[in-house]
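Engineer: Sequences are here, hints too, so could you generate the full structure?
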Amino acid sequence: MIEALPRLIVTGIMDGTIYGLLAMGLTLQYGVCQVLNIAHGEFLMLAAMLTWTLSAAFGISPLLVVAIIGPLLFGLGFLLQTTLFKALKARAPSPPVFEGNALLVAFGLFYIISFVARISWGARDYVNTILTDRVSFLGASFTLNQMIACVIAVAIGVAVYLFLSRTRQGRAIRATAEDPATAGLMGVNTNMILAFSFGLGALLAAIVGIMMSWRNPISTYIGFNNTVIALVVVTLGGLGSVPGSFIAGILIGIVSRLVSGLWEPLLIVPVYYAILMVLLLVKPVGLLGKR
Amino acid sequence: MNIASFASAHKKLVTAGFILLVLIFLATLPLYGNDYYINLLTTILMYTILAVSWAMFSGATGYMSLATAAFFGVGIMAMAFLYGTLPFPVIVVIGGVLASALAFLIGLVTLRLKGIYFAIFTFGFVMFISQTAYYTDVNILGNAWGHELPLMDPGMLHYAMLGLTVMTLLTIYFIRRSRYGLALLSIGGSEEAAEHMGINTTMTKIVLFTISSVFMGAAGAIYAPALIHVEARIAFNVFNSFVPILMAIFGGMGQLYGPVVGAAVFGYLDRTLRVELQEYFMLAFGIILVAVILFLPNGIVGLLPTLQERLRRLTARLRKGGETEQHANT
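Protein sequence lines, in the order shown, are assigned to chains C and F.
Letter 130 of the first sequence, counting from 1, is numbered 130 in the working numbering, and no numbers are missing.
Letter 73 of the second sequence, counting from 1, is numbered 73 in the working numbering, and no numbers are missing.
No lab work stands behind these hints, which were simulated from the structure alone.
Here the structure is a predicted model, which is why all the values come from computation and not from measurement.
Warning: the hint list may mix true and false statements.
When the alpha-carbon atoms are kept at most 25 Å apart in a straight line, the in silico DSS-like pairs for lysine-lysine are as follows [unchecked claim]:
#: 1; chain 1: C; residue 1: K86; chain 2: F; residue 2: K114
#: 2; chain 1: F; residue 1: K114; chain 2: C; residue 2: K283
#: 3; chain 1: C; residue 1: K89; chain 2: F; residue 2: K12
Here are a few chain F residues that sit away from chain C, every Cβ distance over 12 Å (derived from the structure) [said to hold, decoys possible]:
#: 4; residue: I38
#: 5; residue: T43
#: 6; residue: R112
#: 7; residue: L113
#: 8; residue: G115
#: 9; residue: G146
#: 10; residue: M167
#: 11; residue: R176
#: 12; residue: E195
#: 13; residue: T201
#: 14; residue: A264
#: 15; residue: V265
#: 16; residue: P305
#: 17; residue: L318
Ideal placement from N, C-alpha and C gives every residue a C-beta, glycine not left out.
Structural biologist: Here it is in structure tokens:
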């Protein structure tokens, strides 16, 4: 059992980078737009299913579909923020009311996206895995797609972090998250920033969805589980904290591998929530949360 | 005296008469309705209980509880495990008590969490209890195929649900009118201000959260036989946390009868459309949820005063128009 430990931890970290990237999108959407997007996993599912369609029907390589799906889902997120959530915010009497209503609207979106997908793709599993050759790394064997996905996830995670912390646009986003009214007075086009952040969140979910379709069979049901993971990771890392969610993602990845490898795969979700609930009680703002 | 002026003069009398009529209809239904309609109305009553008790706490305070499915599921599982060992009403009470004990514990530890964290916690709790109960039931207790409940007389279930609905509505009616109801509203307005006025906000929240869950648990216990096949993942379906919210918001939470209207409309649609048009129904559910929150923040019931006002203005303008015409003639 003990000899399996290093392998489980390394695999856990690799999974975790992907969870972290997914959670980063959710935390951006919550931190900047105050929308706790319960439909986040559905964007991932949509991207995975589109990957299948594009590669099966049009013969586009699953490695390149991001050029089509990425802008598409970014645009969808952008549109949702500029139409739906903007209107919702204008009508809400106070920020807490907006957060509650946005959560419910996101739940409505969850139904809309997942059932539009179910109507168009049905409920069966699609297998579209690529790059399944095994390679040996750190004494354990991995599939090539797992390694590539991990590298991409880390690269994008670091890029988003640098973008937010070093660039002018990134600073505008952080200012808007902190205090939209003041940011607006300082000349930041806050509506644009909100829409961009929501779109970026959707884009990150899309990238994760495409990478998942390389590795695992996909179906129109995969969305909700991933939302659950992202939600746990985001709360663990501190709602709205981008680096926090990446670190928490890696932690959750390790935990899930350890639980399924050493104990019982069926108990992964209960363990996630046990961690989440204890954390909410002890430190409600998460590991790296501010407020 | 015409009907309109009679109605406006004796508003209370008309309301009481209307409620009486609905009750008589519901109470006599098993005498002439077939099983399909009885089951339909039992479902609507079940949703009414969930929506009204959800709105009583969450609607007033703004603490959005997504744990409805957990309390409802506890009632269902209580019936699944205890059926046959104890009399039916006793199990219903046990279901309610277990649910409220759970709510008390959740309230004790979480009601200091603010806003969105409370929603996340309660949402997580449903996922937690659903998976844990499923695992325990299947792998530890060995009920791999779930629990079969024997077919029960729909009329009997209907009366049980009707009785519980009346109890729920009466309790909540009086709570809304009591100091506790006002305290809840003031917490929703501004918790800090409520605290300064001398309201023990934590106590109030915990007590009323617990009370609201009693009815959810009891409703689950009564509803369980209608499911026939009970499994932890069905009993704790997270859908049951969101449906009552949609109903309450659709109906409007300003009035006690708002959630009742919402539950009647959606309970009916749920039963009639969900089976035939499963996927399209769920899609429509999503679209309606978004549209209602966006365009009807006060629900259908909230539309009534606006409509009345428009109607009044319209008739006033018509009358005025008629008068000027008369002047022109003379």
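Engineer: Take the hints in turn and mark each one as holding or not.
Structural biologist: Hint by hint, here is what the structure shows:
no.: 1; hint: C:K86 / F:K114; verdict: holds (23 Å)
no.: 2; hint: F:K114 / C:K283; verdict: holds (12 Å)
no.: 3; hint: C:K89 / F:K12; verdict: violated (38 Å)
no.: 4; hint: I38; verdict: holds (29 Å)
no.: 5; hint: T43; verdict: holds (20 Å)
no.: 6; hint: R112; verdict: violated (8 Å)
no.: 7; hint: L113; verdict: violated (6 Å)
no.: 8; hint: G115; verdict: violated (5 Å)
no.: 9; hint: G146; verdict: holds (16 Å)
no.: 10; hint: M167; verdict: holds (28 Å)
no.: 11; hint: R176; verdict: holds (20 Å)
no.: 12; hint: E195; verdict: holds (16 Å)
no.: 13; hint: T201; verdict: holds (15 Å)
no.: 14; hint: A264; verdict: holds (20 Å)
no.: 15; hint: V265; verdict: holds (17 Å)
no.: 16; hint: P305; verdict: holds (18 Å)
no.: 17; hint: L318; verdict: holds (32 Å)
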